[in-house]
Amino acid sequence: MLDSVASVRDFAFAARETSALPIRFEAVTFAAGPTRILHGVDVTLVPGSPTVLMGPNGCGKTTLLKLAMGLLTQIGGAITFAGGPAPAGSRAIVFQKPIMLRRTAAANVAYALRAAGKPADEANVRRLLDLAQIAPLAARPARRLSGGEQQRLALARALACEPQVLLLDEPTSSLDPASTKLVEDIIAQVSASGIKVVMATHDIGQARRLAGDVVFLAKGRLIEHAAADRFFNDPVSEEARSFLAGNLVI
Amino acid sequence: MDGATAFDLILSGDRTLFAIVRLSLTVTVLATLLAAVVAMPLGAAVALTRFPFRNVVIVVLNGLMGLPPVVVGLMVFLMLSRSGPLGEMGILFTPTAMTIAQAILVAPIIAALTRQLIEDLWTEYRDELTAMEVGPIGRVQTLLWDARFSLVTILLAGFGRAAAEVGTVMIVGGNIDGFTRVMTTTIALETSKGNLPLAIGLGIVLIALILAVNALAWSVREWAERHAG
Numbered sequence: 002m003l004d005s006v007a008s009v010r011d012f013a014f015a016a017r018e019t020s021a022l023p024i025r026f027e028a029v030t031f032a033a034g035p036t037r038i039l040h041g042v043d044v045t046l047v048p049g050s051p052t053v054l055m056g057p058n059g060c061g062k063t064t065l066l067k068l069a070m071g072l073l074t075q076i077g078g079a080i081t082f083a084g085g086p087a088p089a090g091s092r093a094i095v096f097q098k099p100i101m102l103r104r105t106a107a108a109n110v111a112y113a114l115r116a117a118g119k120p121a122d123e124a125n126v127r128r129l130l131d132l133a134q135i136a137p138l139a140a141r142p143a144r145r146l147s148g149g150e151q152q153r154l155a156l157a158r159a160l161a162c163e164p165q166v167l168l169l170d171e172p173t174s175s176l177d178p179a180s181t182k183l184v185e186d187i188i189a190q191v192s193a194s195g196i197k198v199v200m201a202t203h204d205i206g207q208a209r210r211l212a213g214d215v216v217f218l219a220k221g222r223l224i225e226h227a228a229a230d231r232f233f234n235d236p237v238s239e240e241a242r243s244f245l246a247g248n249l250v251i
Numbered sequence: 005m006d007g008a009t010a011f012d013l014i015l016s017g018d019r020t021l022f023a024i025v026r027l028s029l030t031v032t033v034l035a036t037l038l039a040a041v042v043a044m045p046l047g048a049a050v051a052l053t054r055f056p057f058r059n060v061v062i063v064v065l066n067g068l069m070g071l072p073p074v075v076v077g078l079m080v081f082l083m084l085s086r087s088g089p090l091g092e093m094g095i096l097f098t099p100t101a102m103t104i105a106q107a108i109l110v111a112p113i114i115a116a117l118t119r120q121l122i123e124d125l126w127t128e129y130r131d132e133l134t135a136m137e138v139g140p141i142g143r144v145q146t147l148l149w150d151a152r153f154s155l156v157t158i159l160l161a162g163f164g165r166a167a168a169e170v171g172t173v174m175i176v177g178g179n180i181d182g183f184t185r186v187m188t189t190t191i192a193l194e195t196s197k198g199n200l201p202l203a204i205g206l207g208i209v210l211i212a213l214i215l216a217v218n219a220l221a222w223s224v225r226e227w228a229e230r231h232a233g
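Going down the list, the protein sequences come from chains Z and G. Each position in the first sequence, counted from 1, maps to that position plus 1 in our numbering. Each position in the second sequence, counted from 1, maps to that position plus 4 in our numbering.
No lab work stands behind these hints: they were computed from the structure. Computed from a predicted structure; not experimentally measured. We put the beta carbon where it would ideally sit given N, CA and C, even for glycine. Some hints here could point you the wrong way.
To be verified - Partial chain Z-side listing against chain G, Cβ under 10 Å, derived:
id : residue
1  : Lys67
2  : Met70
3  : Pro86
4  : Arg92
5  : Ala93
6  : Pro99
7  : Ile100
8  : Met101
9  : Leu102
10 : Arg145
11 : Gly149
12 : Leu168
As the list claims (entries may be wrong) - Computed spacing ranges between beta-carbons, pair by pair:
id : chain 1 : residue 1 : chain 2 : residue 2 : range
13 : G       : Glu226    : Z       : Ala28     : 32 to 42 Å
14 : Z       : Asp186    : G       : Ile211    : 52 to 62 Å
15 : G       : Thr127    : Z       : Gly78     : 21 to 31 Å
Bound-form chain Z, shown alone (with noise of 0.2 Å):
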């Protein structure tokens, strides 16, 4: 564990600036055809600790993640990081499930750090598999890698172009306890390291665990946000309340 927070540390992720940040999604708006996904959020995300999106499936968490990555565009609205447009490899995503390269784990984290203009030298690819606690997998291909595995293989090759704000989309939907908490640590240890982690899940023990402030969200509109202690303890809408009360939010 020591271990891994020093190569985080190594990797020089603890005294980068922060421009990108902070993150602010004005009256943001989307929809696919006909259907509106999201309707006017708004909500500005600040450095620190990681931010958590929670609610219901089909509530719009991947859509805004996605929209923060510029992976989608907002019919209405505005995202801008620190004011303006997100600087170049300032965002990295980690998907639900993450598409593996048909190459080695290693070369999928050399390929990362190429496309990022650094440096894939085997050093540099040893420190992201070390941080992900996957360099004894470096010579296995990847799509052979458990689903747990593959995780943590993502998050080596996300954390590859150094981001500034890390993007993770229920990074752990579909791991057991074991590999769930292998993927925890090593996401509070980027968040440590001055990495804006903006996660969704519909896990409230993980939000728990890992959350600075929750963005809550249901059928596409911002319902709260709020510091986890003040959101678990008091919520303030009827809907996170049930919602945490265990009960079906539709």
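Based on the hints, put chain G in the right spot on chain Z.
Chain G in isolation, oriented as in the chain Z frame:
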């Protein structure tokens, strides 16, 4: 009886037979590679770019997979004949002409199958590569590399089509003994002459070669997938 004689020809290392086999392989391999160099990037480009009438291009590309060999032979013949626009090159009735004709025949197959393969892979990779800010050239390189094992299968489809071809090479090669005579044209000729042992022998060699090439490619693919994903 004919079959036994055919095997004798093969086992005795008959020089005529092996000269024909060698030329066939040379022409077919070169034609497949020539077609691949043009058709694979073309297929990938069509898969990854959006332009007016793209759907028409895809339909045409798919349709050309069934291009009649004799029509290709005729077109190449007209281009390369003395009165044709490329007549001055003087390559009609040479292995070069046969290679060009076979490449034209095989290129649409490779392009159409590559287009489909790369388009499917792009659907899978789009978000990851976009998130990694990989540029257009990098995308094409990545997709072609990651599709490499499937592309080998496409190459084999092209190779099989070229190896089995008769009409085109007959028209542009002329089936000249010792110069442009390949396995398929020899089989056709010797069968019409009633010389069945040589025809059968060549048929056996042709099938064996195609099976061997496919088996080799399959083995390499299996090995590579186990070791590289």
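Here's how the hints hold up against the structure:
no.	hint	in the structure
1	Lys67	8 Å, holds
2	Met70	6 Å, holds
3	Pro86	13 Å, violated
4	Arg92	8 Å, holds
5	Ala93	7 Å, holds
6	Pro99	7 Å, holds
7	Ile100	5 Å, holds
8	Met101	7 Å, holds
9	Leu102	6 Å, holds
10	Arg145	6 Å, holds
11	Gly149	17 Å, violated
12	Leu168	9 Å, holds
13	G:Glu226 x Z:Ala28: 32 to 42 Å	54 Å, violated
14	Z:Asp186 x G:Ile211: 52 to 62 Å	59 Å, holds
15	G:Thr127 x Z:Gly78: 21 to 31 Å	28 Å, holds
Figure legend: structure checked against the earlier numbered hints; hints not met, in rising order: 3, 11, 13.
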